[in-house]
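Model the full structure from these sequences, guided by the hints.
From first to last, the protein sequence lines are chains A and B. The numbering used here puts the first residue of the first sequence at 34, with every later residue one more than the last. The numbering used here puts the first residue of the second sequence at 34, with every later residue one more than the last.
The reader is advised that the hints may include incorrect statements.
Same chains, same names: a pair is fine if it fits in one copy or spans any two.
[Stated by the list, open to error] Lysine to any residue pairs mimicking SDA-like chemistry, simulated, CA-CA at most 20 Å apart:
(1) Lys-88 <-> Glu-98
(2) Lys-88 <-> Ser-152
(3) Lys-88 <-> His-63
(4) Lys-170 <-> Glu-208
(5) Lys-45 <-> Leu-80
(6) Lys-170 <-> Glu-233
(7) Lys-170 <-> Pro-211
(8) Lys-88 <-> Ser-64
(9) Lys-170 <-> Pro-234
(10) Lys-86 <-> Leu-103
(11) Lys-170 <-> Val-209
(12) Lys-86 <-> Ser-213
(13) Lys-88 <-> Gly-179
(14) Lys-45 <-> Leu-102
(15) Lys-170 <-> Arg-112
Hints listed in this document are in silico derivations from the structure and should not be mistaken for laboratory results.
There are 2 protein chains.
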Amino acid sequence: MASKASAPAVDKRRQILDAAIRVFARQGFHSTRVSDIADEAGVAYGLVYHYFKSKDEVLNELFVERWSLLLAAIEEADREGVSPRQKLEAVAGFIVGSYRHDPELMKVIIVEVTRAANSFGRTHLPEIRRAYDSIAKIVAEGQESGEFRRDIDPTFASMSFYGAIEQLLTGWIFEVIPASDADFDQAKSLVVATICDGLEPR
Amino acid sequence: MASKASAPAVDKRRQILDAAIRVFARQGFHSTRVSDIADEAGVAYGLVYHYFKSKDEVLNELFVERWSLLLAAIEEADREGVSPRQKLEAVAGFIVGSYRHDPELMKVIIVEVTRAANSFGRTHLPEIRRAYDSIAKIVAEGQESGEFRRDIDPTFASMSFYGAIEQLLTGWIFEVIPASDADFDQAKSLVVATICDGLEPR
DNA sequence: AGACCGATTGACTGGTCAGTCAACCAGCGA
DNA sequence: TCGCTGGTTGACTGACCAGTCAATCGGTCT
Numbered sequence: 034m035a036s037k038a039s040a041p042a043v044d045k046r047r048q049i050l051d052a053a054i055r056v057f058a059r060q061g062f063h064s065t066r067v068s069d070i071a072d073e074a075g076v077a078y079g080l081v082y083h084y085f086k087s088k089d090e091v092l093n094e095l096f097v098e099r100w101s102l103l104l105a106a107i108e109e110a111d112r113e114g115v116s117p118r119q120k121l122e123a124v125a126g127f128i129v130g131s132y133r134h135d136p137e138l139m140k141v142i143i144v145e146v147t148r149a150a151n152s153f154g155r156t157h158l159p160e161i162r163r164a165y166d167s168i169a170k171i172v173a174e175g176q177e178s179g180e181f182r183r184d185i186d187p188t189f190a191s192m193s194f195y196g197a198i199e200q201l202l203t204g205w206i207f208e209v210i211p212a213s214d215a216d217f218d219q220a221k222s223l224v225v226a227t228i229c230d231g232l233e234p235r
Numbered sequence: 034m035a036s037k038a039s040a041p042a043v044d045k046r047r048q049i050l051d052a053a054i055r056v057f058a059r060q061g062f063h064s065t066r067v068s069d070i071a072d073e074a075g076v077a078y079g080l081v082y083h084y085f086k087s088k089d090e091v092l093n094e095l096f097v098e099r100w101s102l103l104l105a106a107i108e109e110a111d112r113e114g115v116s117p118r119q120k121l122e123a124v125a126g127f128i129v130g131s132y133r134h135d136p137e138l139m140k141v142i143i144v145e146v147t148r149a150a151n152s153f154g155r156t157h158l159p160e161i162r163r164a165y166d167s168i169a170k171i172v173a174e175g176q177e178s179g180e181f182r183r184d185i186d187p188t189f190a191s192m193s194f195y196g197a198i199e200q201l202l203t204g205w206i207f208e209v210i211p212a213s214d215a216d217f218d219q220a221k222s223l224v225v226a227t228i229c230d231g232l233e234p235r
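Shown next as structure tokens:
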């Protein structure tokens, strides 16, 4: 496909995916018609079905594409020989960075997949779970090395950590909390400070 | 309605609401037909429209009914003259307790409203935000009294705290993490310990 | 009895889309 | 020039379902 000797000047498939991001972000998956995607992409209705076997598959593609990067980033962070706290910082940084870099895509991923475990998320639960597990692994290693306390289940900690970050993104997405560049910069360290140091003074 | 001199043996309206909880929890809001609700309630299709003006209104009713209790509980917790940490414990305890008491209803609230800010949540954003704000208020008071550190924005802390709890419930709902009675018991204190004390040993 | 009225019933309608498909087009090799 | 092939088009169809409504039921009051 993309490995053709000479790629076409415009990659219609990509064009459709990018249009879908915009439309899904604007109207939500359920209330976008396939024709909306085609229109936004400046392409005929039927072409969407030439490249994707269903509307669902378009969303799937967007999710898988992005989530695999996240999984890679978490595992990469774990591989580095730094403190568990720095690993968590790297994970938080990657997620916040993803949002900063392409808020529309992250909105779609979170709102339509990650936070929609009943519909789409269900299909992708295994991949989503893999992220939780990788974070839990970081916490568990921190406990073994004595850098983290041992009386909090790593799975619990992982869910709290991920939940906190996702809630922040959700707050930005729906303008419940301000989303300036300064907020993005702070977010990473504040989340990690909250989770690692706690709210009570030391 | 319910204030009639002699209430009917069966309150059909309530019967419909309870049936809706079960069906929404089982199939999700989008893929339940109004006829599913009627069937589950053992009632004719049209009767749903006698008591509710639309399918949406059924969900709204369920949400408002429950969320107002949550708001009351948070504000009540804040009113008591205890430490901010104990207030957060009360809030976490109420939410976990709600799930324990009626997991299906909480599943519907979270999956279809709270975590669905694009569709339904949008309508209820003000009420949802009120919960965040009340929690932030608890944190802010804790900072003023010196029981919480001052370098973390209360709004941030509030989102992290609420996000952590909601993520735990979501984990239970989708069986990503085990949901035994023991887990419920621990959850409250573990979340609060994580957020207040942090993962790093003191 | 008979009139009245709210609760209850379920067949039906109107509108909406996802997905199909037959036709069309452009480039290229023979 | 003439197929051939794969990308591209958009009208159309079949299914689905929220919401409507006219009819029926059952209790109460006169």
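Now for the hints, and whether the structure bears them out:
1. Lys-88 <-> Glu-98: Cα proximity of Lys-88 and Glu-98: one copy only (16 Å, versus 35 Å across).
2. Lys-88 <-> Ser-152: Both. Shortest intra-copy (14 Å) and inter-copy (18 Å) distances satisfy the 20 Å Cα cut-off.
3. Lys-88 <-> His-63: Result: close both inside a copy and across copies, 10 Å intra and 16 Å inter.
4. Lys-170 <-> Glu-208: between (32 Å within a copy, 19 Å between copies)
5. Lys-45 <-> Leu-80: within (9 Å within a copy, 49 Å between copies)
6. Lys-170 <-> Glu-233: between (26 Å within a copy, 16 Å between copies)
7. Lys-170 <-> Pro-211: between (32 Å within a copy, 17 Å between copies)
8. Lys-88 <-> Ser-64: So Lys-88 and Ser-64 pass the 20 Å test inside a copy (12 Å) and across (16 Å) alike.
9. Lys-170 <-> Pro-234: Only across copies: Lys-170 and Pro-234 sit 18 Å apart there, 27 Å inside one copy, limit 20 Å.
10. Lys-86 <-> Leu-103: Answer is neither; intra-copy 25 Å and inter-copy 43 Å both fail.
11. Lys-170 <-> Val-209: Answer is between: at 15 Å across copies they meet the 20 Å cutoff, but 32 Å inside does not.
12. Lys-86 <-> Ser-213: Classified as neither: same-chain Cα gap 39 Å, cross-chain 41 Å, threshold 20 Å.
13. Lys-88 <-> Gly-179: For Lys-88 and Gly-179, neither the intra-copy (48 Å) nor the inter-copy (53 Å) Cα distance is at most 20 Å.
14. Lys-45 <-> Leu-102: neither (23 Å within a copy, 51 Å between copies)
15. Lys-170 <-> Arg-112: Only inside one copy: Lys-170 and Arg-112 sit 11 Å apart there, 40 Å across copies, limit 20 Å.
Checked against the numbered hints above, the structure violates hints 10, 12, 13, 14; every other hint is satisfied.
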